[in-house]
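K.L.:
Please build the complex by placing chain F on the supplied structure of chain E, with the hints as guidance.
So the sequences go chain by chain: E and F. Per this note's numbering, the very first residue in the first sequence carries number 1; after that it's consecutive. Per this note's numbering, the very first residue in the second sequence carries number 1; after that it's consecutive.
A few of these clues could be false.
Capping the alpha-carbon separation at 30 Å, the derived lysine-lysine pairs in DSSO-like fashion look like this [claimed, not checked]:
no., chain 1, residue 1, chain 2, residue 2
1, E, Lys-99, F, Lys-57
2, F, Lys-57, F, Lys-69
3, F, Lys-65, E, Lys-1
4, F, Lys-57, E, Lys-71
5, E, Lys-17, E, Lys-71
6, F, Lys-17, F, Lys-65
7, F, Lys-57, F, Lys-71
8, E, Lys-99, F, Lys-65
9, F, Lys-69, E, Lys-99
10, F, Lys-18, F, Lys-65
11, E, Lys-57, E, Lys-1
12, F, Lys-17, F, Lys-71
13, E, Lys-71, E, Lys-99
14, E, Lys-57, E, Lys-71
15, F, Lys-71, F, Lys-18
16, E, Lys-1, E, Lys-99
17, E, Lys-1, E, Lys-71
18, F, Lys-71, E, Lys-99
19, F, Lys-57, F, Lys-18
20, F, Lys-69, F, Lys-18
21, E, Lys-1, F, Lys-57
Hints listed in this document are in silico derivations from the structure and should not be mistaken for laboratory results.
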Amino acid sequence: KNQVEQSPQSLIILEGKNCTLQCNYTVSPFSNLRWYKQDTGRGPVSLTIMTFSENTKSNGRYTATLDADTKQSSLHITASQLSDSASYICVVSVRGAQKLVFGQGTRLTINP
Amino acid sequence: EAQVTQNPRYLITVTGKKLTVTCSQNMNHEYMSWYRQDPGLGLRQIYYSMNVEVTDKGDVPEGYKVSRKEKRNFPLILESPSPNQTSLYFCASTYSGANVLTFGAGSRLTVL
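For reference, chain E alone in the conformation it holds in the complex (with noise of 0.2 Å):
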């Protein structure tokens, strides 16, 4: 079954600090994995998009990587602002199908 996971279902970290959020996924066959964010009360934005052949890939102060050996894929925050309070949504893509897996998401808390 293809499924999508995510840790930890919430954080709470101090502005200024890093995070990394986690996505193992058994999705097959896997075409391409995006991270989306989700302020509250708002539709998900994308902010990566990773294939089967990159292993990372920057947006400012987020870092995605992605292992396709081990289905897993982090998304790390540098310095920390306010602004990134949301929520954080891992989604992978089926290969030759219009079908997309839905993490549950990360509810990421930034204290000033």
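P.N.:
Quick look at chain F alone, frame taken from chain E:
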């Protein structure tokens, strides 16, 4: 501005009273989809459409209907809403073959 527009944003209704949530996109996207988001369950796909007059069930289609008479519009219809359909609903769209979804702002529905 390229966007997905959902209406209404907030709605409180009673069991059995038919309602429609509209979704419109101005990006000429072929693919459109509806999701519901519930605490602890993440985003779950209700229905999707690959193009005009082509719709298919997602993971949780029971109690919902959709139509795709025009490329830009993809309404979600609840013929006889029940309290278990109380949720936050998102419409999203993308080009066929692409997987970066553009989400609407969400519609919070409460069924009493």
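K.L.:
Does each hint fit the structure? Answer for all of them.
P.N.:
Right, here's what the structure says about each hint:
The suggested pairing of Lys-99 (chain E) with Lys-57 (chain F) holds, with an alpha-carbon distance near 12 Å, which does not exceed 30 Å. About 17 Å separates the Cα atoms of Lys-57 (chain F) and Lys-69 (chain F), which keeps this hinted pair within 30 Å; it holds. The hinted pair formed by Lys-65 (chain F) and Lys-1 (chain E) meets the criterion: a straight-line CA distance of about 26 Å does not exceed 30 Å. Note on Lys-57 (chain F) and Lys-71 (chain E): the hinted pairing holds, with a Cα-Cα distance of about 27 Å set against a maximum of 30 Å.
The hinted pair formed by Lys-17 (chain E) and Lys-71 (chain E) meets the criterion: a straight-line CA distance of about 27 Å does not exceed 30 Å. Only pairs whose Cα atoms come within 30 Å are accepted, and Lys-17 (chain F) paired with Lys-65 (chain F) is accepted, the gap being roughly 14 Å. At roughly 18 Å between alpha-carbon atoms, Lys-57 (chain F) and Lys-71 (chain F) fall within 30 Å of each other, so this suggested pair holds. For a cut-off of 30 Å, the pair hint linking Lys-99 (chain E) to Lys-65 (chain F) stands: about 19 Å separates their Cα positions.
Restraint check: the Cα-Cα separation between Lys-69 (chain F) and Lys-99 (chain E) comes to about 22 Å, which is no more than 30 Å; the hinted pair holds. This hinted pair checks out: Lys-18 (chain F) and Lys-65 (chain F) have alpha carbons roughly 11 Å apart, not beyond 30 Å. Between the alpha carbons of Lys-57 (chain E) and Lys-1 (chain E) the distance comes to roughly 27 Å, so the proposed pair stays at or under 30 Å and holds. Straight-line distance between C-alpha atoms of Lys-17 (chain F) and Lys-71 (chain F) comes to about 27 Å, which keeps the hinted pair within the 30 Å bound.
For the hint pairing Lys-71 (chain E) with Lys-99 (chain E), the CA-to-CA distance comes to about 18 Å; that is within 30 Å, so the pair holds. A hinted pair counts as satisfied when its Cα atoms are at most 30 Å apart, and Lys-57 (chain E) with Lys-71 (chain E) qualifies at roughly 16 Å. Distance check on the hinted pair: Lys-71 (chain F) and Lys-18 (chain F) sit about 24 Å apart at the alpha-carbon level, within 30 Å; holds. With a CA separation close to 13 Å, the supplied pair Lys-1 (chain E) and Lys-99 (chain E) stays within the 30 Å bound.
For the hint linking Lys-1 (chain E) to Lys-71 (chain E), the alpha-carbon distance of about 14 Å falls within 30 Å, and the restraint holds. For a cut-off of 30 Å, the pair hint linking Lys-71 (chain F) to Lys-99 (chain E) stands: about 20 Å separates their Cα positions. Annotation: proposed proximity of Lys-57 (chain F) to Lys-18 (chain F) holds, straight-line Cα distance about 20 Å (limit 30 Å). With a C-alpha separation of about 20 Å, the suggested pair Lys-69 (chain F) and Lys-18 (chain F) falls inside the 30 Å cut-off, and the hint holds.
As the CA atoms of Lys-1 (chain E) and Lys-57 (chain F) are separated by approximately 17 Å, the hinted pair is consistent with the 30 Å bound.
Consistency note: the structure conflicts with none of the earlier hints.
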